[in-house]
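Q: With these hints in hand, go ahead and build the complete structure from the sequences.
Protein chains in written order, with this note's numbering: chain A, 1 to 296; chain B, 297 to 884.
For the record, the hints were derived by calculation from the structure and aren't laboratory data. Please note that a few of the clues may not be correct.
Stated by the list, open to error - Okay, the calculated bits of chain A under chain B, using three or more residues with CB under 8 Å as the criterion: (1) 74-87; (2) 98-110; (3) 277-287.
As the list claims (entries may be wrong) - Pulled from the structure, derived: some chain A residues nowhere near chain B, Cβ distances all over 12 Å: (4) Asn23; (5) Thr31; (6) Gly32; (7) Arg49; (8) Glu221; (9) Asn237; (10) Lys238; (11) Glu246; (12) Thr254; (13) Ile260.
All residues carry an ideal CB built from backbone N, CA and C; glycine is no exception.
Residues per chain are reported as follows:
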Amino acid sequence: MKENFLIIKDLHKTYDGKIKALNGINLTIKTGMFGLLGPNGAGKTTLMRIIATLLEPDKGEVFYNELNVLKNPIEFKKKLGYLPQEFGVYKNVSAYEMLEHFAILKGFTDKKERRKLLDYLFDRVNLFNDRKRKLGEYSGGMKQRFGIAIALLGNPEVLIVDEPTAGLDPGERKRFLNILSEIGKERIVILSTHIVDDIEELSDELAIINKGEIVISGKVEELLKHLEGKVYVKQVNKEELEKIKEEYKLLNATLRGGNIWVSVYSDKPLNEKWILKSPSLEEVYFYYIGGFQWEF
Amino acid sequence: MGVLDFIKFEIKYHLKTKGFYFMFFILFLFGFLLMATEFVKVGGEAGLVKRNAPYTITTAFAIILLFSAFMSAYLSTVSGSRDFENQTYEFFFTSPIKKFSYFFGRFLGSYIIMLIISISVLIGMMLGELAPWHPKYELNPFNITSYINAFLLLAIVDILFMNAIFFSIAIITRKAVIGYFSGLIFFVLYFISSILSSSLKYEKLSIFIDYLGLAAVEKTVKYWSIAQLNQLQIPFSEIIIFHRILYILLSIMILFLSYKLFDLKEISRRKVYKPLEREESILIEKPLIKPQFSKIKAIFELTLFEIKLSYKSLAILIIFLLSIVSTILQITNIDVLFDTPIYPITSVISSLINSNSYIFFILIAVLLAGEIIHRDKEQGTYELSTTPNFTYIFISRFLSAISVFIIICIIYMLIGIIYQAINQYFNFQIEIYLKRLFLEVFLFSVYLLCFSLFIHSLIPHKFLAHMIILAYFLFIMFSDNIKLEHTIYKFPFHPDIRYSDFFGYGHFLKTLISYNLYWGFLSLMFLILSFSIIYPSLERKIKFQFNKTSLTILLISFIGFMLMLSYLFYNHYILNNFISSKQEERCV
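A: Right under this line is the structure:
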């Protein structure tokens with residue numbers, strides 16, 4: 001299988017000349033699942049939109065193998081599938097008609113062949129029996145799955161999904177992640193989310209983005225290794241928590257049965273009241289975005 | 297939170313929007329130009345009635361109020377449906393507020409704001425009147441009472457009535473688009489009613505149909521001399537008082553009814569989802585299909601999809617139905633002309649259809665253009681369109697709009713033929729229908745569509761773009777007054793064309809074709825430019841992206857346009873001597 005690369009070089013984007021959304025993003029993404037993790041407002045959606053050629057950066061370049069994406073958007077779109085964070089549908093047409101519309105735009109102009117493709121996609125996203133319904137009758141989850149079908153049209157070599165599991169129930173979420181996982185074996189799939197569990201389940205590699213900058217990127221295991229032997233957990237009360245926040249970098253705090261469990265980062269071994277634990281991806285994430293913020 | 301709090305909030309909200317200042321400025325400017333220049337002439341100014349006579353001020357103010365119906369629809373809709381559009385209603389509905397306070401607070405807030413905006417017309421007119429360049433004999437001495445009187449006589453009730461309708465529609469349907477659209481329907485209904493009531497036999501009816509109160513004013517001053525029109529304030533005559541009370545009661549009834557229908561509760565619109573029984577378990581094999589793009593097939597299928605969508609558009613459907621009703625009413629009224637029974641011959645029927653259809657084609661063209669450009673953004677499908685063949689969306693939408701025009705023309709023709717057949721006139725002369733509808737109305741609509749597409753592409757806000765197109769038509773209406781009387785300046789109009797049963801178009805055919813070519817080339821330029829602007833990007837930066845084909849077409853159409861302009865200019869100004877209406881008057 002040929003390995004493909006998406007190379008992002010020094011991307012900058014500022015909105016209205018004031019809000020810096022991206023500040024020199026550099027990334028190399030290769031075939032497989034790639035997770036982009038970051039808090040709300042970190043610049044994930046801006047980055048996704050630039051790669052999808054929906055936005056123009058102020059500076060920087062994006063290459064898919066040798067293809068300059070920003071200079072040849074039409075060529076790149078032939079290989080692209082994109083599921084935006086939020087999208088609408090024409091409520092008064094059926095799901096089949098709407099997907100057919102997008103299929104034609106993707107170049108599937110042969111009616112018989114197109115029908116086979118649409119049936120396959122509806123089946124894949126578990127909407128086959130609802131394909132003739134008007135989209136206005138679809139629930140949030142069904143609409144999301146319909147969006148996935150649009151993104152999968154044309155067997156894209158690059159699939160970008162922005163916050164895809166928001167609004168899906170646990171069953172639908174599992175099903176969707178399975179689809180992504182299967183697809184991700186043979187193409188580039190960029191999964192942008194703030195839900196760490198989604199990345200943990202799927203991605204081989206990830207990047208953490210914060211305030212428009214990539215703070216760390218690499219394989220999931222490597223990132224976990226960075227914190228190995230440096231994460232401690234302890235049960236504390238409210239007063240202690242304030243002290244801990246001042247002394248250590250807080251990585252997590254959970255209120256369980258009236259007790260607060262905190263995990264912190266420490267370079268040096270801590271006393272016996274602290275329990276050393278294996279780092280989770282969530283803790284890695286909070287470590288790189290500057291610590292966990294928690295106010296009781 | 298009581299009514300007053302809601303009113304205050306509503307007023308503050310509107311005062312912080314750009315739309316308020318835009319509307320205020322536009323109406324102020326209109327009022328100012330009306331008084332200060334020759335540019336705009338409205339009302340009874342022709343002849344000896346002075347420019348600032350109480351009668352002129354009142355009629356001019358009434359006409360501006362008619363056009364401000366769109367603004368009233370916009371403001372009332374914002375107040376009535378804002379919480380539903382922004383999904384904030386759940387916070388309001390779960391707060392300890394009374395339905396009365398919410399409903400009337402929002403309504404009265406928007407009503408006061410619209411009154412303030414309407415005052416801008418009068419302020420503009422007053423400043424225009426005080427402009428130093430007027431010769432003294434043209435004006436009466438400044439009298440503020442004329443303005444206050446016009447305001448009291450018209451604005452308070454007219455705006456109450458308009459806002460009551462628009463606000464009620466918006467708050468009951470909870471949809472902004474229906475609210476905005478109701479402004480258009482209102483305008484069209486007013487147009488139809490004014491046609492119907494123009495006959496002398498409906499004089500009394502016309503007074504009560506005209507919600508503006510202008511017909512009641514006309515009735516009051518019907519037998520006034522020029523001196524009276526110049527000097528006397530329009531009184532609150534019996535008929536005016538009756539008319540105003542009638543419309544106040546109507547407004548209260550509308551508000552009462554919508555208050556009863558409105559509830560601070562969620563209404564379920566979406567059909568309850570019932571899962572279908574699963575068909576037998578299927579496992580569809582992944583088909584090995586690669587895109588094989590065929591341009592013609594793609595454009596054909598996309599166009600069919602777009603036509604289907606156009607006919608599912610409530611706005612277009614309603615205007616279309618109204619146009620049919622209006623056409624039927626028009627042609628069924630022609631059996632007697634000047635007390636002489638006439639045959640429904642094709643040239644007469646087609647003339648009536650043509651003259652009636654222009655306004656509807658204008659509305660449909662402008663609406664369709666708005667849909668073509670703004671639909672994906674409005675419906676949120678824009679980001680899904682990361683497709684390599686996005687340009688085909690534009691082409692197919694444009695073609696579907698053209699198909700809509702063709703279908704409407706054919707329906708008009710069928711209405712005419714059916715009417716002729718009912719009246720036992722069987723010499724249908726289909727070629728006359730086709731010639732007149734397609735050479736005159738259809739092409740006019742296509743040109744207007746191209747122009748509207750261009751404006752909508754430039755302006756990221758749909759409503760604002762509609763307003764600009766409306767402003768353009770107002771400009772055209774009054775452009776004679778600034779010496780732009782010639783049709784070569786009035787896109788997409790052509791000079792008055794006569795069709796005779798004996799000679800057909802005769803020598804007018806050359807004029808018609810020349811103008812169609814002239815505006816056709818310009819329209820092609822508009823089309824290419826708008827096509828180049830809407831190239832997909834989330835940020836609406838005005839940026840033209842041309843390719844070789846579009847540049848070539850642009851260049852050819854520019855050359856064609858310039859050649860036709862030269863030809864028409866040579867014919868009208870060099871070979872012949874164009875006489876303006878003023879010169880004509882002087883000659884007479």
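Q: Against this structure, judge whether each hint is valid.
A: Verification of the hints:
| no. | hint | result |
| --- | --- | --- |
| 1 | 74-87 | holds (count 9) |
| 2 | 98-110 | holds (count 10) |
| 3 | 277-287 | violated (count 0) |
| 4 | Asn23 | holds, 18 Å |
| 5 | Thr31 | holds, 19 Å |
| 6 | Gly32 | holds, 20 Å |
| 7 | Arg49 | violated, 6 Å |
| 8 | Glu221 | holds, 32 Å |
| 9 | Asn237 | holds, 35 Å |
| 10 | Lys238 | holds, 31 Å |
| 11 | Glu246 | holds, 37 Å |
| 12 | Thr254 | holds, 30 Å |
| 13 | Ile260 | holds, 32 Å |
In summary, the structure is inconsistent with hints 3, 7 from the numbered list given earlier, while agreeing with the others.
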